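Protein chains: 2
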Amino acid sequence: MPASSSKSSAKSGKAVCLLSGGLDSSTCLALACRDFECYALSFDYGQRHRIELEAAARVAHALGAKEHRTAKIDLRVFGGSALTSHQLAVPKHRTAQEMSGGIPVTYVPARNTIFLSYALAWAEVLESSDIFIGVNAIDYSGYPDCRPEFIAAFERMANLATKSGVEGRTLVKVHTPLIELSKAGIVKLAAELGVDFSLTHSCYDPTPDGHPCGQCDSCLLRQKGFDEAGLRDPLPYPA
Amino acid sequence: MPASSSKSSAKSGKAVCLLSGGLDSSTCLALACRDFECYALSFDYGQRHRIELEAAARVAHALGAKEHRTAKIDLRVFGGSALTSHQLAVPKHRTAQEMSGGIPVTYVPARNTIFLSYALAWAEVLESSDIFIGVNAIDYSGYPDCRPEFIAAFERMANLATKSGVEGRTLVKVHTPLIELSKAGIVKLAAELGVDFSLTHSCYDPTPDGHPCGQCDSCLLRQKGFDEAGLRDPLPYPA
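Chains D and E supply the protein sequences, listed in that same order.
FYI, the numbering for the first sequence is 1 to 239, going by my numbering.
FYI, the numbering for the second sequence is 1 to 239, going by my numbering.
Misleading hints may appear alongside valid ones.
The list cannot tell twin chains apart, which means a pair is met if one copy fits it or any two copies do.
Think about it this way: if two alpha-carbon atoms lie no more than 25 Å apart in a straight line, the pair counts; the simulated DMTMM-like pairs of lysine to aspartate or glutamate are [stated by the list, open to error]:
| # | residue 1 | residue 2 |
| --- | --- | --- |
| 1 | Lys11 | Glu149 |
| 2 | Lys14 | Glu67 |
| 3 | Lys11 | Asp209 |
| 4 | Lys14 | Asp74 |
| 5 | Lys92 | Glu155 |
| 6 | Lys173 | Glu149 |
| 7 | Lys188 | Asp209 |
| 8 | Lys173 | Glu228 |
| 9 | Lys173 | Glu155 |
| 10 | Lys72 | Glu228 |
| 11 | Lys224 | Asp196 |
| 12 | Lys72 | Asp44 |
| 13 | Lys11 | Asp74 |
| 14 | Lys224 | Asp74 |
| 15 | Lys72 | Asp227 |
| 16 | Lys72 | Asp233 |
| 17 | Lys14 | Glu228 |
| 18 | Lys72 | Glu54 |
| 19 | Lys92 | Asp233 |
| 20 | Lys92 | Glu149 |
| 21 | Lys173 | Asp196 |
It should be emphasised that the hints constitute simulated quantities derived from the structure, not laboratory data.
None of the values given here were measured: they were computed from a predicted structure.
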């Protein structure tokens, strides 16, 4: 079903959807838009791949999100990640085996905890009890805060953190519709949902003109996903 | 024991301490400094009482924190609180009964969740497993994210969110040494620890020259605490 056809269907309520502009979060938003009026949330956190924020805006518009906001937050204040520090290099050309060997330097400490906390704040203001995040635990990058047990613990905490928890209203639900999909499965699902891949951005270390490097973990995982799905990625990778 | 005498004792490790510059967080930091090398963390989140950040810096220095950082984060992006919105007025002259009647308009959605998430990020970078927060569940302001069950749930989540959780290293502990104290008990404890009350700031709606209004919930709770403790608050309240 193309995403555009979902815009006319009845929506059950509001949902806050974390959106980086990458393949996973865009697919997650496309899914959420089928059933909810979606409020997409991105973060300007000092990431070296800030260009993903332009992708997020394009994707939110194309998928018919009700609103898209970007919170400017400071994750560089602590350092500790290659994604926010120019003193740490983004690893390139790593094999699948290397990627599976522990937590990489691109891990941003507590990032998903912080992102979900903001989503929780917006959801509370919107009186929404549904949050979507496009994490997946299969072809993920070894980040602890992409695991199902983390999401479940966040959800339990969220229901004690907020007004609705105190007042016994509807419980907060953190939806992770991609969590058990492989990257190839996500590519296929995105294609079914009508996600325009050319609008998305996955690279951790893009060229100055915004093209993907084709060599970082994120590019390599994305390419593997398209290869295994038998689909062509329209992004302009280097030859 | 005055706080200054603690500086020479052996410290068991690093701790991240949330510090607003108010009475509670300053007392909490003074306690933490007895046993830990403390990294104090404040937030510039668009609060109308930004002057508290100057108090936080003064207090961190006076208590001998190893470092004090202020993260600039955007909580106004969602609105929803009198502390961050100039469209909502800070309530004044409320009685204890009125304060106990539900969650007030000064509640900032998910604020402690967001603050603790940042503390968790810094703790991870510092390889610290100890976080201090000066919440209390007795003379608190009716905020859901000040309750013991919230803190316990955050701690469980934190231990699944981070590298140390995955790698089975020391578990994150969220210390809440004030959680069962009354405001009067906190005032007495602060006096014993040598906290200089004149450096702290509690008011939600200070005058342009930085003096406390004496009328908001936070001022009223503070005054009640000093009264019940039989101590004099040195801050320049209006006559």
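Now the hints, each set against the structure:
Taking the shortest alpha-carbon separations for Lys11 and Glu149, neither the intra-copy value of 29 Å nor the inter-copy value of 34 Å comes in at or below 25 Å. Proximity of Lys14 and Glu67 under a CA criterion of 25 Å is satisfied intra-copy only: 11 Å inside one chain copy versus 41 Å between copies. Taking the shortest Cα distances, Lys11 and Asp209 never come within 25 Å of each other, neither inside one copy (39 Å) nor across copies (50 Å). In this assembly of identical chains, the alpha carbons of Lys14 and Asp74 lie at most 25 Å apart only when taken from different copies (22 Å versus 27 Å within one copy).
In this assembly of identical chains, the alpha carbons of Lys92 and Glu155 never lie at most 25 Å apart, being 34 Å within a copy and 35 Å across copies at closest. Taking the shortest Cα distances, Lys173 and Glu149 sit within 25 Å of each other both inside one copy (14 Å) and across copies (18 Å). In this assembly of identical chains, Lys188 and Asp209 lie within 25 Å of each other by CA distance neither inside one copy nor across copies; the values are 28 Å within and 61 Å between. Taking CA atoms no more than 25 Å apart as the test, Lys173 paired with Glu228 passes in neither setting, with 32 Å inside one copy and 43 Å between copies.
Proximity of Lys173 and Glu155 under a CA criterion of 25 Å is satisfied in both settings, with 6 Å inside one chain copy and 19 Å between copies. With identical chains, the CA atoms of Lys72 and Glu228 are never at most 25 Å apart, being 36 Å at best within one copy and 42 Å at best between copies. Taking the shortest alpha-carbon separations for Lys224 and Asp196, only the intra-copy value of 18 Å comes in at or below 25 Å, while the best inter-copy value is 60 Å. Taking the shortest Cα distances, Lys72 and Asp44 sit within 25 Å of each other both inside one copy (5 Å) and across copies (12 Å).
Taking the shortest alpha-carbon separations for Lys11 and Asp74, neither the intra-copy value of 34 Å nor the inter-copy value of 29 Å comes in at or below 25 Å. Taking CA atoms no more than 25 Å apart as the test, Lys224 paired with Asp74 passes in neither setting, with 32 Å inside one copy and 37 Å between copies. For the homomeric pair Lys72 and Asp227, neither the shortest alpha-carbon distance inside one copy (35 Å) nor that between copies (42 Å) is at most 25 Å. Taking the closest pair of Cα atoms, Lys72 and Asp233 never come within 25 Å of each other, the shortest separation being 30 Å inside a single copy and 38 Å across copies.
Proximity of Lys14 to Glu228 under the C-alpha cut-off of 25 Å is found in neither arrangement, the shortest distances being 34 Å within a copy and 46 Å between copies. In this assembly of identical chains, the alpha carbons of Lys72 and Glu54 lie at most 25 Å apart whether taken from the same copy (14 Å) or from different copies (22 Å). Taking the shortest Cα distances, Lys92 and Asp233 sit within 25 Å of each other inside one copy (19 Å), while across copies they are farther apart (59 Å). When the C-alpha separation of Lys92 and Glu149 is checked against a cutoff of 25 Å, the pair qualifies neither within a copy, at 29 Å, nor between copies, at 43 Å.
When the C-alpha separation of Lys173 and Asp196 is checked against a cutoff of 25 Å, the pair qualifies neither within a copy, at 27 Å, nor between copies, at 44 Å.
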